[in-house]
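S.K.: When you get a sec, could you build the whole thing from the sequences and use the hints?
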Amino acid sequence: MTERKAEVLQGTLDLIWLKTLETMGPMHGYGIARRIEQVSQELLSLNQGTLYPALLRLEQRKWISSSWGASENNRKAKFYSLTRAGKKQLAAEAKNWEQIAAMIGRFLAPGAERAR
Amino acid sequence: MLIAWMNEIGARVKGLFLRRERDAEFDAELRAHFEMLVEDYRARRIGEAEARRMAHVRLGGAQQIKEAHREQRGLPMLDTLWQDLRYGFRQLRGSPGFTVVAVLTIALGIGVNAGIFSILDALALRPIVVGARQTVVSFYPIFQGKRHRNVHGSSSMFSYPEYEAYRDQNHVFSGLAGYVPFVEATVGGERPAQINGTLASCNYFDVLNERPVLGRGFVEADCATAGASAVVVVSNECWQNELGADPEIVGKTISLNHTALTIVGVAPAGFEGTEIAPSAFWAPITMQRELVPDLININDADLSWMSVLGSLRPGVSLEQVRAELAVITARTQVKYPGTMKVSVQKAMLFNRPEERGIILTVGAVVLCAVGLVLLIACANIANLLLARAAARRREIAVRLAMGASRGRLIRQLLTGSILLALIGGTLGTLISFVSFDGLVRIVIAHLPPGAPPFALHLAPDARVLAYSLLLTVLTGIAFGLAPALQSSREDVNTALKDEGGDAARRSARTGKLRNVLVSGQVAVCMILLLAAGLLLRGLYKAQTIDPGFEMKGLDSVTFRLVRQGYTEAQAAALHQQMRERLAALPGVDGVAEARNIPLGDEHWQTEAQVPGGANRQVSYNRVSPDFFAMMGIPIVRGRDFTDGDVQSSARVVIVTEAVAREFWPGEDPLGKSLMSFGEGNPLLEVVGVAKDAQVDHLGEGHPNFLYFPTDLKGESQDDFIVRSTLGDAATLDEIQSAMHALDPQLSFVAARVEDNVSNFRAFSRIVVAASGTLAGLALLLAAIGVYGLVSYAVSRRIREIGIRMALGADGRDVMKLIFGQALRPVVIGALIGVVCCAGVSRIFSSLLFGVSPLDPIAFVLVPAFLICVAGLACYVPARRAMRVDPMVALRYE
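So the sequences go chain by chain: E and Z. 59 is the number that our numbering gives to position 59 of the first sequence; each next residue is one higher, with no gaps. 178 is the number that our numbering gives to position 178 of the second sequence; each next residue is one higher, with no gaps.
Calculated directly from the structure, the hints in this document are not laboratory data. Among the clues, some could well be false.
[Stated by the list, open to error] Covered by chain Z, per the in silico footprint, the following chain E stretches (three or more residues, Cβ under 8 Å):
id: 1; region: 19-26
id: 2; region: 56-69
id: 3; region: 97-110
[Stated by the list, open to error] With a Cα cut of at most 25 Å, we get these calculated DMTMM-like pairs of lysine to aspartate or glutamate:
id: 4; chain 1: E; residue 1: Lys76; chain 2: Z; residue 2: Glu21
id: 5; chain 1: Z; residue 1: Lys252; chain 2: Z; residue 2: Glu242
id: 6; chain 1: Z; residue 1: Lys341; chain 2: Z; residue 2: Glu319
id: 7; chain 1: E; residue 1: Lys88; chain 2: Z; residue 2: Glu8
id: 8; chain 1: E; residue 1: Lys19; chain 2: Z; residue 2: Glu8
id: 9; chain 1: Z; residue 1: Lys691; chain 2: Z; residue 2: Glu754
id: 10; chain 1: Z; residue 1: Lys14; chain 2: E; residue 2: Asp14
id: 11; chain 1: E; residue 1: Lys19; chain 2: E; residue 2: Glu72
id: 12; chain 1: Z; residue 1: Lys541; chain 2: Z; residue 2: Glu324
id: 13; chain 1: E; residue 1: Lys62; chain 2: Z; residue 2: Glu324
id: 14; chain 1: E; residue 1: Lys76; chain 2: Z; residue 2: Glu67
id: 15; chain 1: Z; residue 1: Lys66; chain 2: Z; residue 2: Glu50
id: 16; chain 1: E; residue 1: Lys76; chain 2: Z; residue 2: Asp79
id: 17; chain 1: E; residue 1: Lys62; chain 2: Z; residue 2: Glu25
id: 18; chain 1: Z; residue 1: Lys14; chain 2: E; residue 2: Glu59
id: 19; chain 1: E; residue 1: Lys76; chain 2: Z; residue 2: Glu35
id: 20; chain 1: Z; residue 1: Lys146; chain 2: Z; residue 2: Glu354
id: 21; chain 1: Z; residue 1: Lys341; chain 2: Z; residue 2: Glu324
id: 22; chain 1: E; residue 1: Lys62; chain 2: Z; residue 2: Asp719
id: 23; chain 1: E; residue 1: Lys95; chain 2: E; residue 2: Glu22
id: 24; chain 1: E; residue 1: Lys76; chain 2: Z; residue 2: Asp40
id: 25; chain 1: E; residue 1: Lys76; chain 2: E; residue 2: Glu98
id: 26; chain 1: E; residue 1: Lys62; chain 2: Z; residue 2: Glu754
id: 27; chain 1: E; residue 1: Lys62; chain 2: Z; residue 2: Glu21
id: 28; chain 1: E; residue 1: Lys62; chain 2: Z; residue 2: Asp23
id: 29; chain 1: Z; residue 1: Lys66; chain 2: Z; residue 2: Asp27
id: 30; chain 1: Z; residue 1: Lys713; chain 2: Z; residue 2: Asp643
id: 31; chain 1: E; residue 1: Lys76; chain 2: Z; residue 2: Glu50
Glycine included, every Cβ here is placed at the ideal spot set by N, Cα and C.
M.R.: As C-alpha cells, this is what we get:
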C-alpha cells in the first residue's frame, strides 16, 4: 500500500531529491536524508534506506552521477551530484510543480470559494 | 523523458552483470550511512548500544533496502523468470515419472500437429525456392463480368499472346517465364512409357536460374517459329531412369508422342519443375502442336492454358508489380475491357485460387482434428497436475503465508507448465521434422495405382517452427492455467492447520474442475469418434453402393490417340482397326464406345438450357448406340441412339430422369428442345430418358447428366468398353496382346470398369484410416483421462468407502456410488460432443457417399461404444474400491 502512495508522489519526490542536490552540491546519501528531514521539519520522515533505490533510479536516468569520496569525518562515502540533464529535469519539474501549485492555489483562494 | 527512460533501461541491462561487485559496493554505501547515523546519535550522548539500535530503526530493514536496490538495479522480470525456470526444472526432475509421461504426451500431440502443418506449409504456404535460394512471383487472371474465354485446365491461366504481352511490356521482372504443366507424353521405344512433362517458354531455365548441367538448354531461337525447333531438356531423374544416365546424351533424339526431339540439356538434379507433379521433360512451347495436337491454338488470345513465373528485378516490390501488371492488363484486354484483373503473389506449389481454396479448407479441418487430439492430451496433463497440486498444497500454503503474492505463484506455476510444454514440444517438433517427410513418401508410394503422380518435399521452415512454438506455448497455458489458478486459491489457514479438516470441501472444488476437464475430453473425443464413425459408414456405403449400372464382365480400353502424336487420319484408321480387333477377340460379345468411361478420371461439363430458360451446369458423355444396353442403364422413356444418329450427326440428346425433373417439371420431356454448348448452337431434340446412374462421381447423388451420341468427327477420341464372358484377367491379356500387335507404339490402359470404383473407394479408405487412427488416439487419451479421474476419486475416498462398508454397504453399493459419480461427467461430455458433431458433420458430406451427416446408426453406435469404453475405464479402478478392507481403509491416511 505504501508502494502505491510512493508512486503517486514519485514525481514530487524526484523534485525534492534533485532540488536538495542542487542546493547542497555533491552530497552523500546520509546528508541528503538529513537535509530533507530538516527542511520538511520531519514531516517527510521515511526510513532513510528507501532513499537509495530512488537515487539509483535518478542515476540510471543520468540526472545525477556518483563517485566515492571522503565525508567531513573522513569516512569513505558515495557522493551524488546533479548532472546537466538533471538540472534541466529539475527546472522542468519545478516549473510544472509551480503551475500545479498555482492552479490549486487559485482553487483554494477565497474568491474561488465564493464562486462556488 | 524518453531519453531518461532509455537510459534507465540501458543501465538496468548493465545491472544484470557484475552483481556481486555491485552488491558489495552498495553494502559499503549502506554501512557508511549506518555508521554516520550512529555517530550522530553518539554525538547526542546516547549510549553505544542504544545509538546502534536507533540507527537501525532510522535506516530501516537492511535486507529490504538491499532487495529494493537490487530490483531497481536489474530487470526483476528477467530475474523472476530465471528463478521460475529453475524452480520448474527442479519440480520436473523431482518427479521423473510424471515428467516422462507428460513430455511424451505433449511430444506426440505437438509432433502430429507440426507434421500436418508442415504438409500444409509445403502445399500452399511456403514460397517455392528455385535456383540459388531465389523466390519467384506468380500471377493469374481473375475474370469478372460477361466475356468469352476458352479454358484448358483452369480459367486462372493465361493465353500465349497475353504471356508475350506481359513478358515484353513489363519493367519489373528481370525475366518472365511461361509454361504449361502436366503434359502427358508417350516415350517411344521397346516398351512405350507414359511420362509427365512441361511445355515451357525458352527463357524458362534462365528465369528460374536452374541452368542445365549438361547441354546448352534452350536458346531464344527455339521459340521463334512454331514447330521449327524439335528440342527437349530432360530432368535428371528421367536421364538416370529412362536414358541410362548416358553422359553423351546431348544431341541424341528421344521420341515423345511420335515426335523425334533432340535432347539439348539435362536439368540440374533435384529440379523437377514448380508443380506438384514432377516434370520429366521440358519442350519449347512452340512445339505444342507437334507434341499435343489437341484442340489448342497457341495464337488464341482468349485461351487459358499457361502459368507464368517471373523473377523480380532487384529492389522491385510486389506493389510495383501489381501496378505495372494492371496497366499492361488494361492495355491488352481491348476486346473485353475491364473484365480481367491480375492477382500477384510469391509463387507457391499451388497458386490458383480454386486449388488453394480446397487445400486450405481441407488443411484447416485436419489441423482442427489433430488440434482436438492435442486438447485431449492437455486435459490429461492438467488432471495429473491437479493431482500433484493436491500433494503440494502445504508447500503452496507456506509460501502464501510467507507473503508470496497470488499472481507471482500463478506466474511461477505457469512458467513450469510452459517449460514442460517446451520440452515436449521441442521433442515432438524434432521428431516430426525427421519423420514426416518419410511418412509422406510412404503414403505417396502406397496411393492407388490410378492416382496422379506427385512429389512433396517437406522442409521445416520458420513458419512451421513458429506454428509449433505458438502451439507449444498455448498447450502449456492450456494444461497449466486451470491447475495454477486452482492451487493458488489455497486457504492458508486450513491448509496449514491440518490435512483432514477442510480437505473434503477443497477436494470437492478440485473434483469439480477435474470433472469439467473429463467432460471436455469426452466431448472432444466424441466429435472425433463420431466423425470417424460417419466416414466409416461412408466407406461401407461406398463399398456397397449401387452406381446404377453394370460393371461385372466389363473392361475398358482408354487411350488418347491424337495427344500421342497420331494425325487425325491415322487416329481414325487406328480407331477403326481397334474396334474390329476388339470385337473379334474370343469371348467378347459386345464393344461400345464412350468419350469417357463411367467413373473415369475425365469429367466433361457444359451448360444447357431450355430455350429462354436459365443456364444450368450439366455433365455429359458421348456414347455409342449400344452403350446403354451394355451398361445396363434402362431407357425409361423414348428411344436409344441409333447408328443413324451417329452417321447423320443428328441433333439428339438423351437426358437423365434428374434432368427431366429439373428442366421440365411435371411435363413429358420427349420431343422437347434443349440448347447446349453456348448460345447460338442449334437446338437438340430430347429422344429418350435414361434411368439415373452415378456415372460421373460415385456417391454424389444424381446431378444433371446428358448423353449425346458419338459423332464421326471426334470418333477417334472415344474409348472402348468391352463385354466378355472370358473373365477379366484373360480378357485383359487378350486386349493387351491384340493392341500391341496392332501398333507396338500405342500407349493405352486396359482395365476393369470396376477398377474405377475402387479409385473412389481407395481415397475414402485413406480418409477413414487416417481419421480412425486419430479417433483411436483420442479415445485412448480420453480413456486414460477417465481412468485417472476415477482412480484419483477412489484413492481420495478410501476412508469414506471403508466407513460405508463398515456400516454395512456391500461391494455393489460402493460400485454404484463410484460409477454414478464418475459417469456423470462422461455422459455430459458425450452429450455435448454429439451436439457439436451434429452441428459440423455436414462439412464432410461429400465423403459420405450419400450417408446422412446425421446418420442414426453412427449417432447411436459410436456414443454407445464410447460410453462402454469409459465404463471400462471406470470399472478397473472402481473394482479396487469394492475390494477395500474396511479395517485397512479406516486406518488409511
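S.K.: Hint compliance check: list the failing hint numbers for this structure, sorted ascending.
M.R.: Hints 1, 3, 12, 13, 16, 22, 25, 26 contradicted; others consistent.
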